[in-house]
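Colleague: For reference, the chains in residue letters:
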Amino acid sequence: MNAKAWAPLAAVCVLAVGRAVTAAPPQRAPDADDALLHKAFSAVASEETAMRHESAKSFPTEMWSRDDDFHRREQEKVRDWAGSHHVRRGDVFRAMDEGIRAHWPQTNGAPLVVTVPPCRPRAIY
Amino acid sequence: MPAARDLLKRITNVPALLGTAYESGRAAAARLPWRLAVFAGLALCASWPLLSTAPALNEFRDAHVLAHYEVAAREAVLRWHQMPLWDPYYCGGMYLLGTPQARFVSPTFLLSLLFGERRAEAITVFAMMVVGLEGAFRYARSRGATGFGAMLAAPLFALSGIFAVSPGLGWIGFFSFQLLPWIALGVRRALARELAGVLVAAGAMAWCIGMGGTYPAPIAAVWCAFEVVEFLAKRARRGRGARVGIGLALVAAAALLAAGLAAARLWPIADTLADAPRVIGGTAGNSLGKELGMLFLGPQDKTENGSFYLGALAAPAVLAGLLRRRSLPVVIAGAFCMWLAAGYDLHPSLFSLLRELPIYSSLRYPERFLVPFALAVAVLAARGIGWAEAVVRARRRRAKGRPPRVRQVVLAIAAFTLVVNVGPMVRQHAMHAADRPLGTPPDEDDSRPFHQSRGNRWGLAYYEPMQRGSLSCWEAYPVPQSPALRGDLQNEEWLDDAGAGTLVERAWSPDRIDLDVDLARPATVLVNQNWHSGWRASVGEVDSHNGLLAVAMPAGKNALTLSFAPKSATGGVRTSLVALLAFALLAWRARRHPTVGVRDLPWAAAVLLPALPAALVAATVHERKITEPAMAMDGRSIVADEVDEGTPRVDARFAAGVVLEAATLSDTSPRPGSDLTLELDWRRDEQIEKGLGVFVHITPSSGDTVGGDHVLLSGVLDLEDAPPGKTLRDVLPLWVPDDARGKTWKVWVGLWRVRHGGERVPVTVRGNAKVDANRVLAASYVVR
Chain V
1 MNAKAWAPLA AVCVLAVGRA VTAAPPQRAP DADDALLHKA FSAVASEETA MRHESAKSFP
61 TEMWSRDDDF HRREQEKVRD WAGSHHVRRG DVFRAMDEGI RAHWPQTNGA PLVVTVPPCR
121 PRAIY
Chain X
126 MPAARDLLKR ITNVPALLGT AYESGRAAAA RLPWRLAVFA GLALCASWPL LSTAPALNEF
186 RDAHVLAHYE VAAREAVLRW HQMPLWDPYY CGGMYLLGTP QARFVSPTFL LSLLFGERRA
246 EAITVFAMMV VGLEGAFRYA RSRGATGFGA MLAAPLFALS GIFAVSPGLG WIGFFSFQLL
306 PWIALGVRRA LARELAGVLV AAGAMAWCIG MGGTYPAPIA AVWCAFEVVE FLAKRARRGR
366 GARVGIGLAL VAAAALLAAG LAAARLWPIA DTLADAPRVI GGTAGNSLGK ELGMLFLGPQ
426 DKTENGSFYL GALAAPAVLA GLLRRRSLPV VIAGAFCMWL AAGYDLHPSL FSLLRELPIY
486 SSLRYPERFL VPFALAVAVL AARGIGWAEA VVRARRRRAK GRPPRVRQVV LAIAAFTLVV
546 NVGPMVRQHA MHAADRPLGT PPDEDDSRPF HQSRGNRWGL AYYEPMQRGS LSCWEAYPVP
606 QSPALRGDLQ NEEWLDDAGA GTLVERAWSP DRIDLDVDLA RPATVLVNQN WHSGWRASVG
666 EVDSHNGLLA VAMPAGKNAL TLSFAPKSAT GGVRTSLVAL LAFALLAWRA RRHPTVGVRD
726 LPWAAAVLLP ALPAALVAAT VHERKITEPA MAMDGRSIVA DEVDEGTPRV DARFAAGVVL
786 EAATLSDTSP RPGSDLTLEL DWRRDEQIEK GLGVFVHITP SSGDTVGGDH VLLSGVLDLE
846 DAPPGKTLRD VLPLWVPDDA RGKTWKVWVG LWRVRHGGER VPVTVRGNAK VDANRVLAAS
906 YVVR
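Chains V and X are the protein sequences, given in the same order.
Sequential numbering of the first sequence, starting at 1, is according to this note's numbering.
Sequential numbering of the second sequence, starting at 126, is according to this note's numbering.
In silico DSS-like pairs for lysine-lysine, Cα to Cα no more than 25 Å straight-line:
no.	chain 1	residue 1	chain 2	residue 2
1	V	Lys57	X	Lys871
2	X	Lys427	V	Lys57
3	V	Lys57	X	Lys868
In short, the hints are calculated from the structure, not lab data.
This one's a predicted model, so the numbers in the text were calculated from it and none came from an experiment.
Based on the sequences and whatever the hints tell you, model everything.
Modeller: Written out as structure tokens, the structure reads:
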């Protein structure tokens with residue numbers, strides 16, 4: 001086998017892998033402290049009933065779809081809150097988990113839901 | 126300045142320049158290293174934006190889920206040193222190896238192990254494009270294209286729109302479509318009695334299945350059927366029975382070997398879908414205009430334009446390809462692909478017919494048949510270039526170096542436009558890459574103990590790194606999920622009888638949980654994960670407790686180990702390993718005897734070897750299947766002997782062999798902004814029409830109708846699978862809108878042919894109900 005003949009291919013492959021390996025990730029937001037995490041939890045969780053109400057309007061006859069739509073709204077709320085407060089989205093999701101588990105204060109009108117309806121993807125779109 | 130003048134003369138001599146380019150192209154196409162370097166360069170251009178943003182997190186919802194499977198598999202191997210069998214991080218625990226959309230049983234998983242999922246994703250895209258380009262080249266060559274033509278035309282398939290769109294959506298499994306030309310090539314060579322063809326077809330198909338080819342593998346099988354039909358049509362004219370028989374036997378051998386190699390995936394997937402079948406309704410279709418928009422127009426908001434982009438500049442080469450008589454089979458195959466891609470929009474619908482077959486019944490989107498159409502176009506374009514080349518070269522020989530200008534011009538235009546066409550194709554890749562919603566990747570925190578969380582599947586990528594499982598779940602099939610899972614527990618394992626003793630978690634990993642259990646009396650250990658028949662216990666018996674993983678334990682001190690080792694995984698992996706041995710044996714044989722004669726057929730029987738471990742495991746490993754009764758959302762069994770006593774009867778009969786026995790509302794005067802439940806009680810005959818769905822129209826006295834169409838009764842049970850002669854409770858919630866006050870709402874119910882044309886099923890007996898346009902007035906309510 002003529003190694004020289006394969007050199008251009010090897011060079012392109014090295015370039016591809018090298019580019020992927022050396023590419024820098026997007027800039028990280030700073031770590032959120034406990035107070036900010038509590039604030040994030042309160043901001044998102046306090047909207048839960050309102051968001052579930054909106055989801056019920058969108059999917060009046062399907063429980064899983066409603067719950068899934070609620071999670072979409074929750075994710076958007078997390079994204080927006082993280083963006084506006086310059087914290088990492090992962091930190092806000094962590095705050096949601098810890099807040100629900102440890103009953104952090106929030107002003108939602110009803111108890112937060114800690115279960116989900118079983119996955120039932122819609123057969124018809 | 127004679128040198129400069131000479132150079133200028135050369136540069137301005139267009140015919141000479143074109144001639145040089147042509148000869149260089151031919152030389153590159155003829156040499157594998159050069160050709161691959163060219164293809165790698167093209168793939169690098171197309172994937173450069175992805176490679177440059179490789180470490181970023183793709184925030185698109187599907188990307189979160191599909192990448193998660195790869196991450197979970199990688200963690201299982203690298204962190205827990207286990208086979209990636211069970212995924213506790215999603216849906217409350219699911220069979221990872223049996224998840225159809227997971228892509229980790231593929232050589233590309235090595236990239237994920239080496240570079241991490243996100244960086245590996247971009248490298249996988251690059252690598253699979255090279256694989257697809259070379260595959261398309263070889264396939265076009267096998268269909269009589271010249272090397273030069275095949276090289277120019279290969280990007281039409283391997284850089285086409287689907288491969289530009291998929292990375293942004295996280296559909297990396299769709300890159301298994303790049304194996305389509307290899308599978309087709311293997312089948313062609315097998316039909317030509319080449320043993321290597323069996324290996325290529327089987328290896329590529331197994332790879333395709335392992336890479337999550339939920340659409341690519343079945344679609345590739347359709348293309349293989351085209352190949353076989355073409356072969357039979359040609360051979361029938363020539364009448365060589367033995368050769369035909371050997372060719373067909375080798376294709377069958379390839380299919381068996383592919384099934385053996387992919388058994389590690391196929392068996393677990395079959396296991397999963399047997400427990401939770403994917404039911405698809407609807408009659409999706411695409412008009413010819415829409416198909417052309419997908420193939421030839423650039424991306425446009427709120428349309429699917431460009432999603433299978435090929436580029437209009439391929440037209441001259443394709444048109445030239447159409448002039449060749451031997452192109453007819455490819456033209457027919459391409460036409461069939463367009464017909465299939467039209468779905469239910471073209472009558473008769475070939476797609477509808479295809480969906481009558483097992484596996485194909487679960488395909489939703491017909492437009493994905495435009496991927497093999499792209500392969501047909503690439504072959505036609507390659508043959509078009511070849512036609513122009515052949516004419517020019519023949520005339521050149523005859524006219525002693527003076528080919529007619531017209532032919533030269535045809536070749537120059539066809540080749541030039543194909544080269545130029547690569548520009549817009551690569552641009553599509555850049556545009557879609559730029560449109561991705563990218564975010565900062567989550568931090569890993571392996572120090573935390575695992576807990577289930579309510580989670581969020583729209584942000585799933587954030588959960589596994591913080592050692593949390595997301596109960597919030599979406600998949601393309603109804604994942605068996607316990608309604609008792611909780612996202613707020615302090616301990617993930619507990620006793621149903623808390624006073625019976627103590628329970629301490631000694632070790633935790635995805636496929637294995639070690640517990641110390643000390644009981645004064647027998648009790649049940651409950652785990653906050655879904656039950657699956659693959660779980661084994663060292664002590665006691667694994668059970669399902671309302672869908673939760675549970676173990677009935679005796680009194681006393683016991684070290685309990687729960688381990689996940691389903692029969693389908695052990696059987697599938699062993700079968701695949703033996704299939705690999707058979708593959709190696711056949712590869713060794715193929716080097717010595719490339720062409721198979723009647724005497725060599727016993728060698729091909731090696732493909733049956735994987736059946737031995739499969740049969741052995743099937744016969745010796747016994748797995749306890751627990752079938753929980755199908756439950757409605759109100760906790761009652763869906764199947765009952767009779768309608769509840771005192772319920773007013775409807776007894777409307779439909780032509781499909783189904784009766785609506787009764788309909789009940791939980792509240793006939795609900796408040797706005799509240800929920801009520803509607804229960805429809807159905808009964809089916811022994812024989813019923815297939816492909817039915819239930820439509821529910823809730824019409825107010827003024828305002829918009831609310832729809833509640835569905836296929837599965839109570840979201841769980843298909844009418845086709847329901848027992849005949851029983852009452853089948855179909856319970857669904859009804860949200861009362863905020864502006865519903867004072868309005869009267871009527872609930873109209875009927876059946877429709879959801880998988881066959883979409884028309885309503887006639888009501889043959891109206892019973893006690895009012896019937897209008899083949900729908901039954903089931904109930905009505907007034908909002909307070």
